[in-house]
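J.: The lines below spell out each chain.
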Amino acid sequence: MTLWFEDIDLVTVWPLGEYTFTEEEIIRFAKRYDPQYFHIDPEAAKHSHFGGIIASGWHTVSIGHKVMVDFMYAHDAEQRERGEEPGVSGPSPGVNKMEFKAPVRAGDTIRFDLSVKDKRKSNSLPGWGVLTSIIEAYNQQDELVYRSEIASFSKLRDYKPTLKERALLAMAAMPVFKKLLRK
Amino acid sequence: MTNPITKDRRHFEDLKVGEVVQLGKRTLSKDDIISFAKEFDPLPFHLDEEVARKSLLGGLASSGWQTAGFSLRMLVDEFLSKVAGMGGLGFDNLKWKRPLMKNDTLTGAVTISALRRSKSHPEMGIVVLDFDMRNQKDQQVMTLSLTNLVEVRDPSAPIEENAA
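One line per chain: the protein sequences are A and B, in this order.
Just so you know, the first sequence maps onto residues 1 to 183 in my numbering.
Just so you know, the second sequence maps onto residues 1001 to 1164 in my numbering.
A hint or two may mislead.
Unchecked claim - Below 16 Å or equal to it, Euclidean Cα-Cα: the simulated EDC-like pairs (lysine to aspartate or glutamate) are:
#, chain 1, residue 1, chain 2, residue 2
1, A, LYS31, B, ASP1077
2, A, LYS101, B, ASP1014
3, B, LYS1102, B, GLU1050
4, B, LYS1038, A, GLU25
5, B, LYS1102, B, ASP1032
6, B, LYS1095, A, GLU149
7, A, LYS31, B, GLU1078
8, A, LYS31, B, ASP1032
9, A, LYS97, B, GLU1050
10, A, LYS97, B, ASP1032
11, A, LYS155, A, ASP9
12, B, LYS1038, A, ASP70
In case anyone wonders, no lab produced these hints; they're calculated from the structure.
Whenever a hint applies, use it, and build me the whole structure from the sequences.
T.: Structure representation (structure tokens):
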């Protein structure tokens, strides 16, 4: 669902998809990125206040991201099939807020919803808009698992750069300036 | 009830605001970046070196979520595995300041910026951990504030006024 900035509304909730977590995956992710005992050791985890193994919140969030990327690709392909040109999104500058609300256990199926809470034209990047997106994850009992507020960029379809901006953009595209910008 | 797994670890009472945890070092290989991206962030500029070279980033860069994951791992190794942790409540103000490129080395420090008891759960303490992650050139790569729960050794101790 890469949309042009102009086409993004603040009402639609996009159901991105769902994912079922297995214990094997929970442990594999945690051994690499978050090896706390209640994420990697089923026996030890019984002594924790969770009463058993739970997924690292970062695992759930990474899966949420994957589900979103897959949804975007599928939606872009649908747009192209209809003869429409999908919008262009830019890299995310960050996450304003992430709240872990309920643990994810092996066998849980988590669904992810995306909506846009706020949009404005970027002051620093002409031709781009800044979005504040909300991703909410729910389990099969409809309990909120996490809620995140993510910043991202979306390109303007109808943007006409001024002569000065066009000159700057052309300069920025030259290899020597690209190198400078990267520093 | 004492938790046999965490009884000898540092508890809420043992932590101090201002304590700095120096993190280790982690160099990201091409395989690290691509294997994470395949599973969690399959965008062309995280998966394909040729595409990445022509992209805005100018080379193969790790997913921001992978940078966050390795940062967390380093905090577990140096700190969270030694405290009586009870999981996380979330985080605020995660900022990806610059991409972490192939063969870059991630390191950094984490500072305890706040500590308070939970009012509703006297056995829980809340610790706020501020990450300052950098590359081998000492350029800031990522910052974030993580809010975690830690076991209180003596839940019967009075809870201070400014508790959450």
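J.: Hints first: check each against the structure and report whether it holds.
T.: Evaluated hints:
A C-alpha spacing of about 11 Å is found between LYS31 (chain A) and ASP1077 (chain B), which places the hinted pair at or below 16 Å, so the restraint holds. Distance restraint check for LYS101 (chain A) and ASP1014 (chain B): the Cα-Cα separation of roughly 27 Å exceeds the 16 Å cut-off, and the hinted pair is therefore not satisfied. Pair hint LYS1102 (chain B) plus GLU1050 (chain B) holds up; C-alpha atoms about 13 Å apart against a cutoff of 16 Å. In summary, the hint linking LYS1038 (chain B) to GLU25 (chain A) is supported, as the alpha carbons are separated by about 15 Å, within the 16 Å threshold.
A threshold of 16 Å between alpha carbons decides the hint, and for LYS1102 (chain B) with ASP1032 (chain B) the separation of about 9 Å falls inside it, so the pair holds. Taking the CA atoms of LYS1095 (chain B) and GLU149 (chain A), the gap is about 12 Å. The hint holds against a cut of 16 Å. Straight-line distance between C-alpha atoms of LYS31 (chain A) and GLU1078 (chain B) comes to about 15 Å, which keeps the hinted pair within the 16 Å bound. Using a Cα cut-off of 16 Å, the hinted pair LYS31 (chain A) and ASP1032 (chain B) holds, with the two alpha carbons roughly 15 Å apart.
With a C-alpha separation of about 34 Å, the suggested pair LYS97 (chain A) and GLU1050 (chain B) falls outside the 16 Å cut-off, and the hint is violated. Restraint check for LYS97 (chain A) and ASP1032 (chain B): not satisfied, since their Cα atoms lie roughly 27 Å apart, outside the 16 Å limit. Distance hint between LYS155 (chain A) and ASP9 (chain A) is fulfilled; the C-alpha atoms sit about 14 Å from each other, no more than 16 Å. Restraint check for LYS1038 (chain B) and ASP70 (chain A): the C-alpha separation of about 11 Å stays at or below 16 Å, so the hint holds.
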